[in-house]
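Protein sequence lines, in the order shown, are assigned to chains A and B. Take the first sequence: its position 83, counting from 1, is numbered 83 in my numbering, and each next residue is one higher. Take the second sequence: its position 148, counting from 1, is numbered 148 in my numbering, and each next residue is one higher.
Because the hints were derived from the structure by calculation, they are not lab data. Mixed in with the good hints, there may be bad ones.
As the list claims (entries may be wrong) - When the alpha-carbon atoms are kept at most 27 Å apart in a straight line, the in silico BS3-like pairs for lysine-lysine are as follows:
# : chain 1 : residue 1 : chain 2 : residue 2
1 : A       : 56        : A       : 92
2 : A       : 49        : A       : 92
3 : B       : 71        : B       : 41
4 : B       : 41        : A       : 107
5 : A       : 107       : B       : 89
Claimed, not checked - Some residues of chain B that are not near chain A, with every Cβ distance over 12 Å (derived):
#  : residue
6  : 8
7  : 21
8  : 25
9  : 27
10 : 46
11 : 48
12 : 87
13 : 123
14 : 125
15 : 128
16 : 129
17 : 134
18 : 138
Unchecked claim - Derived coverage of chain A by chain B (criterion: at least 3 residues anywhere in the stretch with Cβ under 8 Å from a Cβ of chain B; other residues may be distant):
#  : segment
19 : 35–43
20 : 69–82
21 : 105–119
Keep in mind that this is a model prediction, so the values were computed, not measured. Glycine included, each C-beta is placed from N, C-alpha and C at the ideal position.
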Amino acid sequence: MDSRPDPARNVDSGGAGSTCTLEERRVDDISVVGVTGVVDMLTSPDLEKAITDAAKSSPSAVVVDMTNVEFLASAGMGVLIAAQDELSPTTKFAVVADGPATSRPLKLVGVTDVVDLYATLDEALSALRS
Amino acid sequence: MADSTHSDSGTRFANTNVLADPARAAQLRQEFSGWLSRYFKLDPIRASDVVLAVNEALANAAEFAYSAFDKPGTMHLLADYEPGTAVLKVTVADEGTWRIADGENTNNTRGRGIPLMRALADRATIDSSAGGTRVCLEWNHVAPARQPVT
């Protein structure tokens, strides 16, 4: 409801701004979305789209790997909660994060009560395969 | 609208009259983060906590404060460090109206900004009035860097 288009946004976010790189790959029947950089108000719509795209090929699970995320704001946490709501129960969902900028705030506000969190991608993959 | 003004030193960071939109909120967060690492010696957890809490205050100003207005107004970020008490106080202010209630929607996908600020700061106060909203975030035991890190 508050997402009025702002024509200045694209211009202004280009500078020192928020850079987020998203890469999807497949590990057996699990889809892994690798995220690098900043997940904030500006970039979280891109993460949301990447998760939606990753789920299209009907994987058994979608894993968001935030190992290389340097900043995670509440806007990004909202995307993770929404993904959990939308994917379950047909597709499993998990997040990989470990560090003061990622797993710490996720735990502090209880996102990890809702979304499964793993410290490494290997841990997530082996848990989801079993 | 007044032009935005900026100043920084070892005891003060000020950037006022910044257009309250998401891109400027991100830019302001980065400038503040640079100031923090230049003048203070913080462990990675505390540094991360301060920047995230300040981001959430700026994000609320950029996203909610002027949503009922025809065009966005301005936001202000002021940080003051008191060497005697080692307290860092950060104020984020706007002249708009927040439409989110404290603690509401915490199970929803939105509304985690205020719980985050409260969890990350040693003290967090939010004063809303007809004239705007002022978020005040404070941290104790903040040590200055021996030499500014350039």
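Task: residue 87 (chain B) non-interfacial with respect to chain A [C-beta, more than 12 Å] - done: 21 Å, holds
Open item on the list: The output says residue 46 (chain B) does not contact chain A. Does that hold with a beta carbon cutoff of 12 Å?
Closed with: At roughly 8 Å from the nearest Cβ of chain A, residue 46 (chain B) sits no farther out than 12 Å, so the non-interface label is violated.
Task: Residues of the segment 35–43 of chain A with Cβ under 8 Å from chain B, three needed, outcome - done: holds (count 4)
Task: Restraint check for residue 41 (chain B) with residue 107 (chain A), where alpha carbons must lie at most 27 Å apart - done: Holds. Residue 41 (chain B) to residue 107 (chain A) sits at ~25 Å (cutoff 27 Å).
TODO: Just double-check residue 138 (chain B) for me: nearest Cβ-Cβ distance to chain A has to come out over 12 Å.
DONE: Consistent with the label, residue 138 (chain B) stays out of reach of chain A, its closest Cβ about 17 Å off (over 12 Å).
Task: Agreement of residue 71 (chain B) and residue 41 (chain B) with the hint, judged by alpha carbon distance not exceeding 27 Å - done: 39 Å, violated
Open item on the list: Using Cβ atoms and 12 Å as the threshold, tell me whether residue 128 (chain B) really stays out of contact range of chain A.
Closed with: 17 Å, holds
TODO: Over 12 Å to the closest beta carbon of chain A is the bar; see if residue 123 (chain B) clears it.
DONE: Consistent with the label, residue 123 (chain B) stays out of reach of chain A, its closest Cβ about 16 Å off (over 12 Å).
TODO: Mind verifying the non-interface call on residue 129 (chain B)? Its CB should be farther than 12 Å from each CB in chain A.
DONE: The assertion about residue 129 (chain B) holds, with a minimum of 21 Å to chain A.
Task: Status of the stated non-contact between residue 8 (chain B) and chain A (beta carbon gap over 12 Å) - done: 15 Å, holds
Task: Cβ contact check, 8 Å cutoff: the segment 69–82 of chain A against chain B, three residues minimum - done: holds (count 10)
TODO: Please work out if residue 56 (chain A) and residue 92 (chain A) have their alpha carbons no farther apart than 27 Å.
DONE: Answer holds: residue 56 (chain A) to residue 92 (chain A) is near 13 Å, not above 27 Å.
Of the numbered hints stated above, those contradicted by the structure are hints 3, 7, 8, 9, 10, 11, listed in ascending order.
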